[in-house]
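Undergrad: Now for the letters of each chain:
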Amino acid sequence: MYRTAANRLLHHASLIKNSSGSHLLRLPILRTVIASSRFSTTADLQTFPNQTFNPSDSSTSSSSSSTAGDDSRHGRKNPRAEYEEEQARVLQASLRHVIKFGWSEEAMIAGAKESGVSPSIVGSFPRKEAALVEFFMDDCLQRLIDRIDSGEELRQLIPSQRISKLVRIRLEMQAPYISKWPQALSIQAHPMNVPTSFKQRAMLVDEIWHAAGDEASDIDWYVKRTFLGGIYSTTEIFMLTDRSPEFRDTWLFLDDRVKDAFDLKKTIQEATYLAEAVGAGMGSSLQGFVGKVFQR
Amino acid sequence: MALRLVTRNLRNRISPKLCSASLLHSHATSFGFKEVREEEKSQMVGKVFSNVASNYDLMNDFMSAGLHRLWKDRLVSKLSPFPGMKHLDVAGGTGDVAFRILESINSIRRRALQDPINDDLQEETRIYVCDINQNMLNVGKNRALERGLGEVKSLVWVQGDAEALSFEDNSMDGYTIAFGIRNVTHIEKVLTEAYRVLKRGGRFLCLELSHVEIPVFKELYDLYSFSVIPRLGEVVAGDRESYQYLVESIRRFPPQEKFASMIADAGFQMVEYENLVGGVVAIHSGLKI
Chain A
96 MYRTAANRLL HHASLIKNSS GSHLLRLPIL RTVIASSRFS TTADLQTFPN
146 QTFNPSDSST SSSSSSTAGD DSRHGRKNPR AEYEEEQARV LQASLRHVIK
196 FGWSEEAMIA GAKESGVSPS IVGSFPRKEA ALVEFFMDDC LQRLIDRIDS
246 GEELRQLIPS QRISKLVRIR LEMQAPYISK WPQALSIQAH PMNVPTSFKQ
296 RAMLVDEIWH AAGDEASDID WYVKRTFLGG IYSTTEIFML TDRSPEFRDT
346 WLFLDDRVKD AFDLKKTIQE ATYLAEAVGA GMGSSLQGFV GKVFQR
Chain B
-17 MALRLVTRNL RNRISPKLCS ASLLHSHATS FGFKEVREEE KSQMVGKVFS
33 NVASNYDLMN DFMSAGLHRL WKDRLVSKLS PFPGMKHLDV AGGTGDVAFR
83 ILESINSIRR RALQDPINDD LQEETRIYVC DINQNMLNVG KNRALERGLG
133 EVKSLVWVQG DAEALSFEDN SMDGYTIAFG IRNVTHIEKV LTEAYRVLKR
183 GGRFLCLELS HVEIPVFKEL YDLYSFSVIP RLGEVVAGDR ESYQYLVESI
233 RRFPPQEKFA SMIADAGFQM VEYENLVGGV VAIHSGLKI
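If you read the sequences in order, they're chains A and B.
Mapped onto this note's numbering, the consecutive letters of the first sequence carry residue numbers 96 to 391.
Mapped onto this note's numbering, the consecutive letters of the second sequence carry residue numbers -17 to 271.
Certain hints may be false.
[Claimed, not checked] Computed cross-link-like contacts, DMTMM-like style, restricted to lysine to aspartate or glutamate with a CA-CA straight-line distance of at most 25 Å:
# : chain 1 : residue 1 : chain 2 : residue 2
1 : A       : 208       : B       : 239
2 : B       : 16        : B       : 239
3 : B       : 68        : A       : 209
4 : B       : 60        : A       : 337
5 : A       : 360       : A       : 350
6 : A       : 208       : B       : 106
7 : A       : 354       : B       : 150
Simulated from the structure, these hints should not be mistaken for laboratory data.
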């Protein structure tokens, strides 16, 4: 948020530099900055320390009218952010209606009514229901990141436990919506929505590996993410049909899968060592053989 | 960046003086390719539509080979109507768009029939059909009777001017204008009025015959509209002049980008447009926040 606000300020500052030579120009710009940015007014005034406003300067009437036009153009950029905020507010409110209406337009209409805008706004969301599911995914990821940043509990765990803990935290966020989650999955699997849902899952898996303290950037990177993606998705599916109290079976299943994966990693590592050893042995005997051949 | 904005602005400021679109702002305005005084345009347009009212739908089917039905379906699906909606359909005298909206709302209700709240909402649904031309409205009312919608409370027929709507501020969830904005004298006024009557979150949708830019298709389209349509009007509706006006007024209408910027200037956000059939028609949309 600070970054966007700073950008906005910078933008306006450059505008002033370009149109220097007239004092009149500055006033409308200053006003929009104050009106539009979420910075305090004092911060705005610091940005323009040497402002002098001269109302009697009449030589710039034509150019000042053109800046007024510019202002309206800039003004339109801020509403874009305003629109996104509005959209987020509507979608946030819609989540409360998902259990009743599913991941549907009805839920979003109810959400819009609740947040006091005309439900017509739903028609402007790209890909309708997908907008709601994607918003939920982003929201969950953000909450997960917050949890990671604030959590001491995670640091005491060994990597495999840490991973299963993180996957569990994330999946627990879906628990309230479990009866409607198959619908969400089908929306995500729609060809139109696959690119976004795939990206969101990749980001999630990446975030979990990061939190687990993985800094690798070799070929292992892909292997690890594929594994975790697989574990996450299978557990997610398992959860759908889990009727045990508080999804106990799901978490057992998850722990087993993570353990399997780490075991497999160990097995693969051992196999590599073996292969290296065998390779080395073969190499030396080959060397010996070649040496003998060339000695003759 | 700023410099570019300034120059673009200057260009915008100068170009109206050069290009013919400026006639929309000045005291003379266009009626097809003819230039007429502002006061005359609305009368002349009124005459055209009084002439064509009876054959309007037949001619639409003939000229667009039935495609106008699909375009209107697309418009309504973009709108995504909901039960309890207050909608204003301007220049929709024959009720084509209004009937579709009502149908779409009813099908939504059927989906959620078990929900009693929706039933009450359905009662509150109002679709106002506003047209400046009483003849067109009469056609629409008759069609409503034929469809068995004569007694439906949700449909309200209002005679009114799109440039001075009789509705209150912030009273509508949706605003559509299909094949109408081309015929008004001041497009800006219509847009301002649309913005005024819409609620926060309300949407503006405009279906209009627009400009084709695809090379070969453009030539074919021009040939079709200037040679075939007026003759078709003569044969089918017995009225060549009105259809000559129709094709000319399409060429006079601002191109997609320009019209989109006019919508944005009226205060709408998320202004987008979608070309159908390569730009023969375009659906512009905007959102009031």
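Undergrad: Now look at each hint and say whether the structure bears it out.
TA: Quick rundown of the hints versus the structure:
For the proposed pair residue 208 of chain A and residue 239 of chain B, the alpha carbon gap of about 33 Å is over 25 Å, so the pair is violated. Taking the CA atoms of residue 16 of chain B and residue 239 of chain B, the gap is near 24 Å; set against the 25 Å cutoff, the hint holds. With a C-alpha separation of about 17 Å, the suggested pair residue 68 of chain B and residue 209 of chain A falls inside the 25 Å cut-off, and the hint holds. A distance of roughly 39 Å separates the Cα atoms of residue 60 of chain B and residue 337 of chain A; the hinted pair therefore is violated under the 25 Å criterion.
Distance restraint check for residue 360 of chain A and residue 350 of chain A: the Cα-Cα separation of roughly 15 Å lies within the 25 Å cut-off, and the hinted pair is therefore satisfied. A threshold of 25 Å between alpha carbons decides the hint, and for residue 208 of chain A with residue 106 of chain B the separation of about 15 Å falls inside it, so the pair holds. At most 25 Å may separate the alpha-carbon atoms for a hinted pair to count; residue 354 of chain A and residue 150 of chain B exceed this at roughly 66 Å.
When each numbered hint is compared with the structure, violations occur for hints 1, 4, 7.
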